[in-house]
Amino acid sequence: MTEALPPTGSVDATRPAPASSPDPTADPTRDPTPEGEAPNAVPAPEARRSASQDWAAGVAAATASDAQRRADNAAEIEPLLRVVGLKKHFPIIGGFLRRQIGTVFAVDGVDFEVQRGETFALVGESGCGKTTLGRSLLRLTEPTAGKVIFGGRDISALSQDELRPVRRRMQIIFQDPFGSLNPRMPVSDIIGEGLLAQGMKDRKKRDKKVEDSLEVVGLRRDYTRRYPHEFSGGQRQRIGIARALALDPEFVVCDEPVSALDVSIQSQVLNLLVDLRRDFNLTYLFISHNLSVIQYFSDRVAVMYLGKIAEVGTVEQLYENARHPYTVALLSAIPEADPRRKKKRLVLKGDVPSPAAPPTGCRFHTRCWLREKLGNPERCVTEEPQLRVLESGHQTACHFAEDVSDRTVSQVVQTQDVLATAVAAEGADVPA
Amino acid sequence: MTATAERHALGAPPPDDILLDVRNLRTVFHVMDGDVPAVDGVSFQLRPGRSIGIVGESGSGKSVTALTIMRLLDIPPAEVMPGSEIWFDGTELLRMPMDAMRKIRGNDIAMIFQEPLTSLNPVFTIGGQIAEQVELHLKVKKKEAWERAIESLKLVGIPSPERRAKQYPHEMSGGMRQRVMIAMALSCEPKLLIADEPTTALDVTIQAQILELLKTIQDRTDSALLLITHDLGVIAEMVEDVVVMYSGQVVETGTVDQVLLEPRAPYTMGLIESIPTVDKRGGRLSVIKGTVPSPFNLPPACRFEPRCPYAWDHCRKVVPDLFQTDHPNQLARCHLYTAAGVGRREQALEAHAQAMTVGRDLGGQR
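Read top to bottom, the protein sequences are chains D and U. Last residue of the first sequence: number 432 in the working numbering, and the count goes up by one each step with no gaps. Last residue of the second sequence: number 798 in the working numbering, and the count goes up by one each step with no gaps.
Pulled out of the complex, with its shape left as it was, chain D reads as follows (with noise of 0.2 angstroms):
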């Protein structure tokens, strides 16, 4: 968790990096926008601003290479990400011979896509496989099966040699600010591993680099030298989105990045985030369980459980037509601060079954408020839900989804003992 991406390895110094194209924001006069995008036109009337307007055009210069742009134009007419079947199992070794004893299922048949520009939330429950299906994204855990298509090339079957400079272009914000930055090394080192491993040999390149970074995710250019301890929870989560923005990259993974963070410095980050997506046409997939940040900070969203999409849909599909009973409940559960809102809520029962033992069907059908509305149906059980497509752009895994609606979730609302949401079914989560 606490090394920085990508992991170093041989570094090859031919690979194509920022470093090997000359570096357009070390020379003013030169104009850095060849595609024509010219931010540096509109006038930046705060330094701040105008410092990473610059590193911006300096990021679009950079990657203009010819090679690059051939790529870029296939990838337009694809998505930016495509997911296809992705399964990530965990064994689970134990006994006296210690031999595989079971699986965990933490992520099991995932697929989606993810355009360019737009933020693609993942939420769930702890558990449900969301962060493993983040990393198995940039291959920092192997997946078992299934293909991730980024930028129009499978890379989940590329070798480690391969998929460096794909590493570049994806990378990743980590949840703690506290566990993910080395605390042996300097700012300057742990921003600057990445770009090193990159081949940017010339230290002081990098150190610009580093400064650059720094100043465009709010910090101060002469931080380089100080180490992870002198800094607050905002400020080390600064440097986390620092080391991932200091390699240029397309997209970036956003794992749960202002879980960890008071409110009143949660909102710091997020707009900070917001910022840089608009001035680096950054790409997100952005982790999290809060449902409200997810509202705020993204245009689609997938509800995940026990590793598969239970429901996927634009932001307004999901909040105002929620057709699976579980982001139905997952909407209720959520406690607003406006005392004018309070309401009765779905309380669903039990808790989240073992990943390691997926109930069969609809991996939802035990704690289901909506089957047992129905008279539980045997087809939850014996049946397995796919994902189909409700509206344009709206699907969801439940056989029974045209069921939902405001008037039977308040019949069950209206009826339901909050004292008996203790398990699913009875005995169902008692340990052998």
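The set of hints was computed from the structure by calculation and includes no laboratory data. It cannot be assumed that every hint is accurate.
[Claimed, not checked] For lysine-lysine, the following DSS-like pairs were computed, each having C-alpha atoms within a straight-line distance of at most 30 angstroms:
(1) D/Lys208 x U/Lys647
(2) U/Lys598 x U/Lys535
(3) U/Lys586 x U/Lys623
(4) U/Lys647 x D/Lys344
(5) U/Lys623 x U/Lys574
(6) U/Lys586 x D/Lys344
[Stated by the list, open to error] Covered stretches of chain U, as calculated for chain D (at least 3 residues, CB under 8 angstroms):
(7) 603 to 609
(8) 697 to 707
[As the list claims (entries may be wrong)] Short, incomplete list of chain D residues facing chain U, as computed with Cβ under 7 angstroms:
(9) Glu125
(10) Ser126
(11) Glu162
(12) Ser267
(13) Asn271
(14) Ser292
(15) Gln295
(16) Tyr296
(17) Pro335
(18) Glu336
(19) Ala337
(20) Pro339
(21) Val347
(22) Leu348
(23) Thr421
Ideal placement from N, C-alpha and C gives every residue a C-beta, glycine not left out.
Please build the complex by placing chain U on the supplied structure of chain D, with the hints as guidance.
Chain U alone, transformed into the frame defined by chain D:
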């Protein structure tokens, strides 16, 4: 602690309809780098059967307040300063001998902690742990204590409690353990239940279960609730009155509707403005610039002044008291509500109203 506290003359006991009366509570930690005033002059009252929430960010002193009430702090390094008083049910707790305090703890005041696994003993069955407490506090026979333990497990909705009572903490899920904690807390029918971040470690659907359970049970048993949390959403659903803490001090008090819908202290306003909501989508979120001040280097007068968008030179010179706002019984630690702040008050309230619909940058820092 008692030695220094006793030298101070004790105030008069509160009237009978006040269950808990915390007066000018000051808790200091003596650490290597100096003294940390973790709780610095906190006062509030709680009536029987009512609920109050203490809300604040990490380091604001909310948990230390609860631990001081329970007298669970290690002394030293902690010290409860002279002049502090905690009246509970007609008696003053800080001057009470430890063995008498032990009887009150668990019996009259019970506490639920954030992480249930660390508060349960891993080598005893949960039924045994509840029964032990019942036996001690209610002076009943072993068999009756066991029966009461099962009764309280039933009360918190744990199915087949006879079998569950024989299980160990590790055999249960997080939500189930928190139910056990609640069962344990309620087994002696306390007059006051203190819950310190009871759902922070739980997933959102389990949090919903526990919050609904706490509400139902508080209604049924008629015990008072002191809820400590950083989550304004939990506050909104659970309590009637709110105390907002910042840097060891109370910065605002009022009813939950007052504090969350019409906050008056600039810190509370900023906090509520910074919550992401659907109305702020697409815009920037409001930001409270900077960070919480270090306890070794507190601002000279108002502690929120360096981060406050409305501060003026007065705020750096004069220490603000808790002042009456334009609402009855809503107090805010801010000079806006004194004669000196008259002109600025309207501006501040208007700016807040605007920030609630449109995201707004309160500070220069990103």
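Here is how each hint holds up against the structure:
| no. | hint | in the structure |
| --- | --- | --- |
| 1 | D/Lys208 x U/Lys647 | violated, 56 angstroms |
| 2 | U/Lys598 x U/Lys535 | holds, 26 angstroms |
| 3 | U/Lys586 x U/Lys623 | holds, 20 angstroms |
| 4 | U/Lys647 x D/Lys344 | holds, 12 angstroms |
| 5 | U/Lys623 x U/Lys574 | holds, 24 angstroms |
| 6 | U/Lys586 x D/Lys344 | holds, 23 angstroms |
| 7 | 603 to 609 | holds (count 5) |
| 8 | 697 to 707 | holds (count 5) |
| 9 | Glu125 | holds, 4 angstroms |
| 10 | Ser126 | holds, 6 angstroms |
| 11 | Glu162 | violated, 36 angstroms |
| 12 | Ser267 | holds, 4 angstroms |
| 13 | Asn271 | holds, 5 angstroms |
| 14 | Ser292 | holds, 5 angstroms |
| 15 | Gln295 | holds, 6 angstroms |
| 16 | Tyr296 | holds, 3 angstroms |
| 17 | Pro335 | holds, 3 angstroms |
| 18 | Glu336 | holds, 5 angstroms |
| 19 | Ala337 | holds, 4 angstroms |
| 20 | Pro339 | holds, 5 angstroms |
| 21 | Val347 | holds, 5 angstroms |
| 22 | Leu348 | holds, 5 angstroms |
| 23 | Thr421 | holds, 5 angstroms |
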